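Construct the entire structure; sequences and hints are all you get.
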Amino acid sequence: MDGFGIRIEGLRKRYGAGDTAVDALKEVNMTVAPGEVVGLIGPSGSGKTTLLKCLGAVIEPTAGRMTLGDEVIYDGGWKIGDLKALRRDRIGFVFQAPYLIPFLDVTDNIALLPMLAGRPNGAARQRALELLEALDVGHRARAEPSQLSGGEQQRVAIARALANQPPVILADEPTAPLDSERALAVIRILNRMAQQYNTAVIVVTHDEKIIPTFRRIYHIRDGSTHEEAGEGREIAD
Amino acid sequence: MISLAGRDILHSWGKFVFTGVGLGLLIGATLTMAGVYRGMVDDARVLLSNSGADIWVVQKDTLGPYAEPSSLRDDAYRALRGMPGVARAANVTYLNMQVQAGGENASDVRVMVVGFEPGQPGEPAYLVAGRQITRSHYEAVADVRTGFRLGERIRIRRHDYTVVGLTRRMVSSGGDPMVFIPLKDAQEAQFLKDNDAIVNERARTAANPSLNRPGVPGLLEAIQASQTTSHSVNAVLVQVRAGHDAEAVAEPIRRWKHLEAYTRAQMEEILVAKLIATSAKQIGMFLAILAVVSAAIVAFIIYTMTLGKLREIAVLKLIGTRSRTIAGMILQQALGLGIIGFVVGKISSALWAPFFPKYILLEPGDALRSFVAVMVICAIASTLAIRAALRVDPATAIGG
Ligand SMILES: Nc1ncnc2c1ncn2[C@@H]1O[C@H](COP(=O)(O)OP(=O)(O)OP(=O)(O)O)[C@@H](O)[C@H]1O
Ligand SMILES: [Mg+2]
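The listed protein sequences correspond, in order, to chains U and E. Quick note on the working numbering: the first sequence kicks off at 1 and runs consecutively. Quick note on the working numbering: the second sequence kicks off at 1 and runs consecutively.
Some hints here could point you the wrong way.
Computed from the model, here is a short list of chain U residues facing chain E with C-beta under 8 Å [as the list claims (entries may be wrong)]:
(1) Phe4
(2) Gly56
(3) Val58
(4) Thr62
(5) Ala63
(6) Arg87
(7) Arg88
(8) Phe95
(9) Ile101
(10) Phe103
(11) Met115
(12) Asn121
(13) Asp172
(14) Leu178
(15) Ile217
Chain E stretches covered by chain U per the calculated footprint, using a threshold of three residues with CB under 8 Å from any CB of chain U [unchecked claim]:
(16) 1 to 13
(17) 309 to 316
(18) 321 to 331
(19) 390 to 396
Beyond 12 Å from chain U on every Cβ pair, some chain E residues (computed) [unchecked claim]:
(20) Arg153
(21) Arg157
(22) Ser232
These are calculated hints, taken from the structure and not from any lab test. Since the model is a prediction, treat every value here as computed from it, not as a measurement. By construction, the Cβ of each residue, glycine as well, lies at the ideal position given by its N, Cα and C atoms.
If you want it as structure tokens, here you go:
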């Protein structure tokens, strides 16, 4: 993917209409390069989750423009017919809680995505095992999600987000339930995966422990973004 | 692609098997109800086959002898024997009564006492134990469902009978097992009055001056004798000579003998379409209710199971799972529940059927039909859950 991984220009989102309307996003401008991890921080109610939902194509923005790679996906209206396929193939999601599917084992939780995209079961599982190895949870491949620790579950969730090699990963407070060591480990993994697979990653966070690790940070306040440089601190192993 | 429904069932198989068994017992009850009806129809057919008759000759304008009371003179069969196409004709009587088994367990059994002439139509078709009746009095052949044993002495009205043979599948349309005794005994049991009544009747006759005439010796005795012998039977069973059409033989009997004559097909129509029609409607009503209850249970279970998975469904939708995949998952679970239920129902109905007092006939065709019905019911019942799942907003997976 050349140029920008993600580009957002003049994005707006208004919930509801009339007296009760909420302008959750007023003026969002943002770029994330392939292989880059940026932080998105802001006070509660500032519009962080709303932004991820727009970018994740689960709610429709009100105005503006969103580009993934070299394809405009939204420009005052969706430019893509099949939003499900968009989510499945081109966007990876990581949430505050892992939300693994309890009735699938760890491998199939990840392999499900390539399978949904039409890949044969064998190839999908092979891909899942590679990712689990890369994230140091290969030894838990046949376990059930409920048998994993919180940190392991979150790594499996990251593996799932990466399963279809999406150009974009959206992470909403991925480290919230983790202690600082595990939180930093998750960010380290996201950085490594971003570089390895050339993925543009947005991490929404409140987490003081991980904020210093970003090289670039977008602040969002009252629905408007502004960019600033981060410390870009290296994370020790 | 893996089967999401299958994995979910394997993961929570305990819950599935448990609810499946519950549903299965309900389906078993449904199958049994159908079996009760089939058993009644089959009992009727077997009764007709085993009676060995081609034509039932009964009192005029009655649907006898099973569906309505019928009474005719016991010498009518002689005239019938002379009719064209008639091979054999024999008297039979039928009487529903409580019979007391002798011995230590003196319990009442409700039976249908059949009077027949040994060696003639009406004789029990085959025996599972013992022998046919050979003496002309006080021997009996009983259906095994009576619970009587060989050699047991049973009391019918004023006399004791020895059970010399056992037959099976001989039950009345009311479901009462049959006891076969010699015709003369049966006529006595059915039409004769008790001793007090006879004494009364004789005194009354003797007091009647027109019957007790001083100048006519022997008249009173002759009248009294005729009053105490019975000359009635309930039906004459006729066997048609080979090569003759039953209807063609029955027609002249109706015309010339002032009697009603039913062929096998007509008798079956009377038994199945008239006699057990109300029971059939009753059972049909019951089946309908059971179907609705099963549907409600499946719908409720699948719905609550789906509500418990809304978070996972939101995640599945967020990562791009098609609606039809999710609907398919829920549908397959409902059908899986139906399959478990059907298997349990089939097994349980087969297990408990022999313990029912009436014969229960579980037909493979009924099983197939109910399987299809169960699948359709489960599919319909899953729509509620599918609607709930399809309404889930994938945005809820991202949370706040
Ligand atoms: N579905 C909705 N309907 C109406 N208003 C909404 C809806 N979702 C969010 N909002 C409003 O939009 C604004 C932004 O919400 P959003 O969830 O994006 O905040 P956030 O930055 O993620 O906050 P937090 O850090 O607490 O998660 C808030 O004022 C919120 O009340
Ligand atoms: Mg939020």
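How the hints compare with the structure:
no., hint, verdict
1, Phe4, "violated, 23 Å"
2, Gly56, "holds, 7 Å"
3, Val58, "holds, 4 Å"
4, Thr62, "violated, 15 Å"
5, Ala63, "violated, 19 Å"
6, Arg87, "holds, 4 Å"
7, Arg88, "holds, 3 Å"
8, Phe95, "holds, 6 Å"
9, Ile101, "holds, 5 Å"
10, Phe103, "holds, 4 Å"
11, Met115, "holds, 5 Å"
12, Asn121, "holds, 7 Å"
13, Asp172, "holds, 6 Å"
14, Leu178, "violated, 16 Å"
15, Ile217, "violated, 21 Å"
16, 1 to 13, "holds (count 8)"
17, 309 to 316, "holds (count 4)"
18, 321 to 331, "holds (count 3)"
19, 390 to 396, "holds (count 3)"
20, Arg153, "holds, 67 Å"
21, Arg157, "holds, 70 Å"
22, Ser232, "holds, 75 Å"
When the structure is compared with the earlier hints, violations turn up for hints 1, 4, 5, 14, 15 and for no others.
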